[in-house]
Structure formats: structure tokens, C-alpha cells
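Q: As a plain string of letters, each chain reads:
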Amino acid sequence: MASEKGVMLLDFWVSPFGQRARIALAEKGVQYEYKEENLTEKSELLLKANPVHKKIPVLIHDGKPVCESLIIVEYIDEVWSDKATLMPSAPYQRAQARFWADFIDKKVYDCGSRLWKLKGEEQQAAKKEMIDILQLLEAQLGDKKYFGGDSFGFVDVAFVPFTSWFYSYETCANFSVEGVAPKIAQWAKRCMERESVAKTLSDPKKVYEFVCFLKKKFGVE
Amino acid sequence: MAETVKLLGTKGSPYSHRAEVALRLKEVNFEFLHEDLAHKSDMLLRYNPIHKKIPVLVHEEKSIVESLIVVEYVHEAFNGYAILPSDPYERAMARFWARYIDEKVIPAFWMSCWTDGEMQKGFIGQAKEALTILESQLKGKKFFGGDSIGFVDLAAGMVAFWFGILQEVAGISLLNEEDYPVLCRWADDYCSVEAVKESLLDRKLLVAHFASKKEKIFATKAPVYD
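Note that the protein sequences, when read in sequence, are chains U and V. Add 40 to the 1-based position in the first sequence for the numbering used here, that's all there is to it. Add 8 to the 1-based position in the second sequence for the numbering used here, that's all there is to it.
Derived from the structure by calculation, the hints contain no laboratory data. Since we're looking at a predicted model, the values are computed, not measured. Don't be surprised by glycine CBs; every beta carbon is placed ideally from N, CA and C. A few of these clues could be false.
What the hints assert, rightly or not - Lysine to aspartate or glutamate pairs mimicking EDC-like chemistry, simulated, CA-CA at most 20 Å apart:
| no. | chain 1 | residue 1 | chain 2 | residue 2 |
| --- | --- | --- | --- | --- |
| 1 | V | K221 | V | E176 |
| 2 | V | K60 | U | D172 |
| 3 | U | K123 | V | D44 |
| 4 | U | K95 | U | E84 |
| 5 | U | K146 | V | E111 |
| 6 | V | K60 | U | D145 |
| 7 | U | K88 | V | E98 |
| 8 | V | K61 | V | D110 |
| 9 | U | K245 | U | E233 |
| 10 | U | K229 | U | D183 |
| 11 | V | K61 | U | D142 |
| 12 | V | K70 | U | D142 |
| 13 | V | K112 | U | D150 |
| 14 | V | K60 | V | E35 |
| 15 | U | K88 | V | E143 |
| 16 | V | K34 | V | E186 |
Claimed, not checked - Computed footprint of chain U on chain V, listed as stretches where at least three residues anywhere in the stretch have a Cβ under 8 Å from a Cβ of chain U:
| no. | segment |
| --- | --- |
| 17 | 74-85 |
| 18 | 189-198 |
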């Protein structure tokens, strides 16, 4: 990579992990070059920027790559610290934010994938798990406007891209997010009022088309 | 009023070790509350209701959990020793490598110890690759953190002390001086640091512990750290 000045993001349109980075950059008003990657034929640049995992998203800042979505978001927050602070300032609140972002990382995508990959009893088990996850997150949100309190923060950025997957989860596993976790559903609508989120998140119907494509690809009925 | 800092953990756990070393580096006065993981205390279940795991740091009645999150908290909440770098890019790199240790190095090494046949061969291959990549990050430095230990060194504590013990009990030789001279030299240097030495159990005790639990771990693949 040339040590060019500027910001580039290697990403894949529907990736909720890439969307975290895009939302953070948009909140901060950072100008950057977006590069769509073909994940079946990864570019030289991606392989060079992330030789260890070969995954997106990768943020390249003045020629230096940063990998792993939550690490990217913290980096963006620390470098462009003059505007739209995402992490709280007190150490305890910061630890809480990292805990819930880590919880979302470990649970949501994996459980969500099982909702569309599996059938029968296994799918029912995944559905119960997803409902538990959503209700736990709802308890954490409480009556706050955002997970970050009055301001949109780190945990909101970590979770909001998955809201465009709710329709797919609901359709595949036959349940309603609004039914099991109404505050989460309201929070999702509130986040969509933010330009950074509205301009970044994929249309839920398009996400569902993508899930159907994956189902065919993996031979799921 | 004096700060009350308690660490719920076990000496046998490399995750608890990370939190303990962080507190010692910052010279924090803390009370170590040893958990019996077969009979988890009410305190543990109260302070970590979601994961029910150690380590748990309790600071002025508020709990912080997940070992790397605890280390970052200790770095930020207490003055003194800098566990993480001050530069944002270097900090991102430290976080990346700590995560790599947790997601790639440790699981591959662990499974290499407690499987056999073709499956074991596969895990050994993965573990060797992960160790090679990790070793390359030392790049001529004494520690991952530079001249003194930092976030990545603490994350890699399991590599420095526990890996040798586990492979001895399992009867394999994965992390050895011939294949990983730089990493083995780092391991010795890491274990010689005062804050680390004070946190480590006697090696013989830990070998005996894992040897006694060998069959159980082989069957379940689940760690037994106490």
C-alpha cells in the first residue's frame, strides 16, 4: 500500500460489520473512499491490508490498515475525537460499552445465521436464543433514547446494522422483534432518523434476498 | 475513603492472570477472592450474571468482566504504568493482536492438546501457523509492548506459562525452542517480570492440576482452571 494521505474502507455492501465503520465515519463527517470487495475473488489490496484474516472491513488511514470492526470504530472515535464522541469518557462506562459491544459480537450474528441456516428443532432453539438475546439487550436499553444514553454511542453503532436483518430473522424463524422486544424495535426506528444510519443500512428486503441467495448457496431448503 | 478493589478469580486461570498482572503493574491494593468454579459463589453470580465467569473486577461495588475489558479498565481507571500505547494506531494494533490470541492462537493450541488422530493433525497445523504469525509480531523487541510488557504481553500470558504446561501433560511438543526461539525467549522474559512472577502459581502445582484433570478435559474439551 502506498502511504497516501486519506481514508479508504474495504467493505462488502450488506456486511453489518462494515456498516459499523461506515456509520462511525459518517457520524464524524470523515471523507473517505469506499471500495466494494468481491468476497469470492478478494483483491490484492485486501489480501495485503488484512493478511491475517483476509476479511472486510478494513480501514486504511494514511496507508496504514486497521482491521476488525469494533477496533476500527474505537480507532475512528479516538482519531476524529473533535466531533460526535461515541465512547463514554468515564472508565466504568467505557468498560460497560465494550462489554455490550462484545456481547453483540459474540451472540447476534452467529445466532442470526443459525436462524436461516437451520430447520426444525435446531431452528427453534436458535429462535429461543435470539429472543433471549433481544430481551437482554432491551433490558440494557431500558427507557433510554439510545444505548449510549441521550447520545448515539458505541453500542448503538455496534448493534444498529443488525436491525436491517430483523426482517430476515423474523421471516425465517416466524416471530416478531416488535412482539418480543418492543423497545428495541422503537430504538431501531429512532436510529433510522439519523442520517448516518439511514444512508448506511441496507434495505431489509434486499438483505432478505441476500439471505435467500446464501440459503441456495449452502443448500438450505 | 480507601478504594475497595476486589478481584474474583483463580490462580489456575490465564484469564484471571491477565487481570491480576494489570493490577500489580498499577500497584493497586486489591483483595484476591479465590473462586471455586465447581461451586460458584453468590458474589460471582451477582457480579457477572450474564457469563458467570471469572475474572470479575469489583471496584467501589461496580463490576467489570471479560479479561481484556478488565485490563483496559485498569489501564484507564488507575494512574501509573501505561498498559496500552498512547498512540491510537498502536492501540488499535494492540487490541487486534490481543483478539488474535484469543480467537486463533489459544483455541488451536488448546484443541491440539486434547484431540487425537486426523483432527489433532489439523489443529496442530492451525496452531503452528498462529504461533508463527504471533512470533513475527515481536519483530526484534523484547516484549510485544516494546521495552516493557503491555496489553498484548498480558493477553499472551497463557502462551508464556500455560502452553508449556499443557503440552507437557498432553504429551506433545508444539511450542519449543527449536521451532519458536524468539517466542520462547519472550516467554522466559515475560515470566521473569516481577508483577507476572507474583501472579503465577508454582509450575509443578499447575502441571499436577492439569494431569489430574486430563481425562475429563479430553472428553469435554472444556477447560478446568481451578
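Q: Hint by hint, say whether it matches the structure.
A: How the hints compare with the structure:
no. : hint            : in the structure
1   : V:K221 x V:E176 : holds (13 Å)
2   : V:K60 x U:D172  : holds (16 Å)
3   : U:K123 x V:D44  : violated (46 Å)
4   : U:K95 x U:E84   : holds (12 Å)
5   : U:K146 x V:E111 : holds (11 Å)
6   : V:K60 x U:D145  : holds (18 Å)
7   : U:K88 x V:E98   : holds (19 Å)
8   : V:K61 x V:D110  : holds (16 Å)
9   : U:K245 x U:E233 : holds (19 Å)
10  : U:K229 x U:D183 : holds (15 Å)
11  : V:K61 x U:D142  : holds (15 Å)
12  : V:K70 x U:D142  : holds (19 Å)
13  : V:K112 x U:D150 : holds (17 Å)
14  : V:K60 x V:E35   : violated (27 Å)
15  : U:K88 x V:E143  : holds (19 Å)
16  : V:K34 x V:E186  : violated (35 Å)
17  : 74-85           : holds (count 7)
18  : 189-198         : violated (count 0)
Figure legend: structure checked against the earlier numbered hints; hints not met, in rising order: 3, 14, 16 and 18.
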